[in-house]
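If you read the sequences in order, they're chains A and B.
Taking UniProt numbering, the leading residue of the first sequence gets 1, the next gets one more, and so forth.
Taking UniProt numbering, the leading residue of the second sequence gets 1, the next gets one more, and so forth.
Hints listed in this document are in silico derivations from the structure and should not be mistaken for laboratory results.
In this text, all values refer to a predicted model and were calculated from it rather than measured experimentally.
Among the clues, some could well be false.
[To be verified] Label pairs and their in silico Cβ distance ranges:
(1) B:Gly-81 with A:Ser-122: 18 to 28 Å
(2) B:Asn-127 with A:Lys-74: 33 to 43 Å
(3) B:Glu-96 with A:Ala-203: 32 to 42 Å
(4) B:Glu-27 with A:Ser-136: 18 to 28 Å
(5) A:Ala-9 with B:Gln-52: 54 to 64 Å
(6) A:Asn-70 with B:Ile-82: 33 to 43 Å
(7) B:Gly-90 with A:Asp-64: 25 to 35 Å
(8) A:Thr-67 with B:Asn-127: 49 to 59 Å
(9) B:Asn-136 with A:Pro-55: 52 to 62 Å
[To be verified] Just so you have them, the derived chain B footprint on chain A, three or more residues with Cβ under 8 Å:
(10) 92-102
(11) 119-133
[Said to hold, decoys possible] Pulled a few chain B residues facing chain A out of the computed Cβ check, cut under 10 Å:
(12) Ala-3
(13) Gly-48
(14) Asp-49
(15) Gly-53
(16) Ala-56
(17) Leu-57
(18) Ile-58
(19) Glu-96
(20) Pro-98
Backbone N, C-alpha and C fix where the C-beta goes; we use that ideal spot for every residue, glycine too.
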Amino acid sequence: MRKPIILFAVGLTMFMAACGDNKSNRLPILGHRDAETKTVDGKEVTDTVYQTIPPFKFVNQYGDSITDNNLKGKIYVADFFFTSCPSICPTMHRNMLNVYNAYKADDNFKILSYSIDPKYDSVPVLKKYADKLGISGQSWWLLQSGKDETYKLATSYLTSVAEDASVPGGHVHDGWFILIDKQKHIRGTYDGTVTTEVTKLIADIKTLQAEPEQRVAQ
Amino acid sequence: MRAVWIIASFLTVVIAIASCQTAEDIEFKRYYTAGLVEYQNHCQNCHGDKGQGLAALIPPLTDTAYISRNKNMLACLLSKGIKGKITVAGKEFDSEMPPAELAPMEIAQVLTYVGNSFGNKVGLISNDDVTRDLKNCR
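With the rest of the complex left out, here is chain B:
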C-alpha cells in the first residue's frame, strides 16, 4: 500500500513538472499550430511542405538569413504580395506572389509557423507585431 502511494506521488510530481509551461510557451504553440494549418491552406502548394520552393520558379523559405533579416517586413510581403525581382538563397527570382487574403492575426500565425520551421528560428511573431509592421508597409 505504501509503495503505491510513493509511486502515485512521484508520478504526480513528474506530470506537474512536464505540464509546467510558461504562458509564452503556450502562446507560441497556439500561434505555431494555427499557423501550420494556414500554411497548408495558403502557402504549401507553391512553397512546398518543407518550404523547398520550386526550382527557379518559386523561392524557398529555407533562407534563414533572409527570414531573420526581413522579420519586420514579412507581414507586408504577405499582405501586399511581391512583384519584381528578389534574391533568396543566392538565386534571383522574378515571379509574382499574389497578396494573401489573410487577417492580421492569421498572418501572425503563419509567420510564426514559417519563422520557426524549415531551419528558421525567429520566435513568436504576434498579432501586435503584425499590426505594427503593417502600418510601415512601403
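So here's chain A without its partners, still in its complex pose:
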C-alpha cells in the first residue's frame, strides 16, 4: 500500500528538480502581462502577452535618428540620466563603463542612455560628454528627444523621472539599469549605483544571450 506513495513522491521530486534546472538558466520577464485569447485553426488558444517597450524616436550623440527599428535583433541596457547631474549619474556611468567594456565588441548588444534634460543636453553636449567618458563607436548611444516623450517612455521601462526644482540639478530619477531582450521584453532591473548589482547585470546579459529565442536573428 505504501510503495506507490513513495514512488509517486520520488517521481514528483525528480520532476520538480528537472523543472527547476530548466528554469534556472532563464531570466524572468518583468512588467505587467495580459492573457490574449484568439482562435487558431478553429481552436481557442490563450497566450500570455508581456509588456513591451513601445516604438520611440530619439537622436543620438552623433546627430543620427535612432528608433526602435535600430534595436531589432539587439539585446540592450537602458538608463535615464542627464549630463549636468550632480547626484547619482557619475556613479551610474562609472558602473555602466564596466558593462560597455564587457560587451563593446558585440554587434548585437547596445547601451541606451536617455537624457531627461533634453533642453540642456543638445547633441553637441551629449557628444562632448561621450568623448570625456571615453566611449566611441556605436555600442553606447546617448539619446535625446522631447521631454514629454522621454518621461512617458521612462514609465515603459518601469523607471520614474521627474523635474524637481528643490534638488541639485533640478531633476529626480531612479538609477535603474533595465535589461531588454530582442522581443522588447524587460528581463531585469539593476541598481546602477551598486557595483555588485552591475556585476550581476554583466553576468545576466550572458545568460540572456544563451536563451534560444535570443540566438535567432530577428
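Take the given structure of chain A and dock chain B to it, following the hints.
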C-alpha cells in the same frame, strides 16, 4: 594559581601598551572616521569609492603631488567650488564642481580623510587650519 596571575598581568601590560595612543593619534582618527562619512555623503558619487574620478569628466583624488602641493588651498576649493580648467594627474579637466555645503569642521574632517587616503599622506587638517585657509580664499 600563580600561572594565572602571571598570564593576567602579562595581558594587562599588552593591553595597556596597545591602547597607549597619543592625543594627536586620537584626534587624527576622530577627524578621519568622521571624514569618511562626509566623503561618502558628499563626494563619493562623483569622485568614486577609491578616489578614482570618472574618465575625463571628473578628476581623481589620487594625484598625491597635487593634494600635497595645494594642501592649504583645498578648503577654498571645497567651499567655493571649482569652475574652469584644472590639471590633475597630467590630464586637463574642464567641468564644474559645485560648492560643498559643509561647515569648516566638516571640511576639515573630509580633507583629513581624502588627504590620508587613496595614496595621499598629508596628515591632520584641523578645524583651525581650515578656518585660517578659508580667510585666504581668492
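Results of checking the hints against the structure:
1. The hint said 18 to 28 Å for the Cβ distance between Gly-81 (chain B) and Ser-122 (chain A), and at roughly 24 Å that hint holds.
2. Between Asn-127 (chain B) and Lys-74 (chain A) the Cβ separation comes to about 55 Å, which falls outside the hinted range of 33 to 43 Å.
3. For the hinted restraint 32 to 42 Å between Glu-96 (chain B) and Ala-203 (chain A), the CB-CB distance of approximately 36 Å keeps it satisfied.
4. Between Glu-27 (chain B) and Ser-136 (chain A) the C-beta distance comes to about 49 Å, which lies outside the given range of 18 to 28 Å.
5. Distance hint check for Ala-9 (chain A) and Gln-52 (chain B): the Cβ-Cβ separation is about 56 Å, which falls inside the suggested range of 54 to 64 Å.
6. A hinted range of 33 to 43 Å for the beta carbons of Asn-70 (chain A) and Ile-82 (chain B) is consistent with their spacing of about 38 Å.
7. Restraint check, Gly-90 (chain B) to Asp-64 (chain A): a C-beta distance of roughly 34 Å satisfies the suggested window 25 to 35 Å.
8. For Thr-67 (chain A) paired with Asn-127 (chain B), a C-beta distance near 57 Å keeps the hint of 49 to 59 Å intact.
9. Taking 52 to 62 Å as the suggested C-beta distance range, the pair Asn-136 (chain B) and Pro-55 (chain A) conforms, at roughly 59 Å.
10. Counting residues of the stretch 92-102 of chain A whose CB lies closer than 8 Å to any CB of chain B gives 3, which reaches the minimum of 3, so the coverage claim holds.
11. As drawn, the stretch 119-133 of chain A meets chain B at 4 residues by the rule of a beta-carbon pair under 8 Å; at three or more, the given contact holds.
12. The beta carbon of Ala-3 (chain B) is not positioned within 10 Å of any beta carbon in chain A (closest approach about 49 Å), and the interface hint is therefore violated.
13. Residue-level restraint check for Gly-48 (chain B) holds (minimum Cβ-Cβ distance to chain A is 6 Å; threshold 10 Å).
14. Hint status for Asp-49 (chain B) relative to chain A: holds, with the closest Cβ pair at about 8 Å, below 10 Å.
15. Interface restraint check for Gly-53 (chain B): the shortest CB-CB distance to chain A comes to about 9 Å, inside 10 Å, so the restraint holds.
16. Below 10 Å, beta-carbon pairs count as interface contacts, and Ala-56 (chain B) has one with chain A at about 4 Å; its hint therefore holds.
17. At about 5 Å, the closest approach between the beta carbon of Leu-57 (chain B) and any beta carbon in chain A falls short of 10 Å, and the interface hint on this residue holds.
18. Restraint check, Ile-58 (chain B) versus chain A: the minimum CB separation of about 6 Å is within 10 Å; hint holds.
19. Using the Cβ-Cβ criterion of 10 Å, the hint placing Glu-96 (chain B) at the interface with chain A is satisfied: the shortest such distance is roughly 8 Å.
20. With a cut of 10 Å, the hint placing Pro-98 (chain B) at the interface with chain A holds, because the nearest CB-to-CB distance is about 6 Å.
Checked against the numbered hints above, the structure breaks hints 2, 4, 12 and satisfies the rest.
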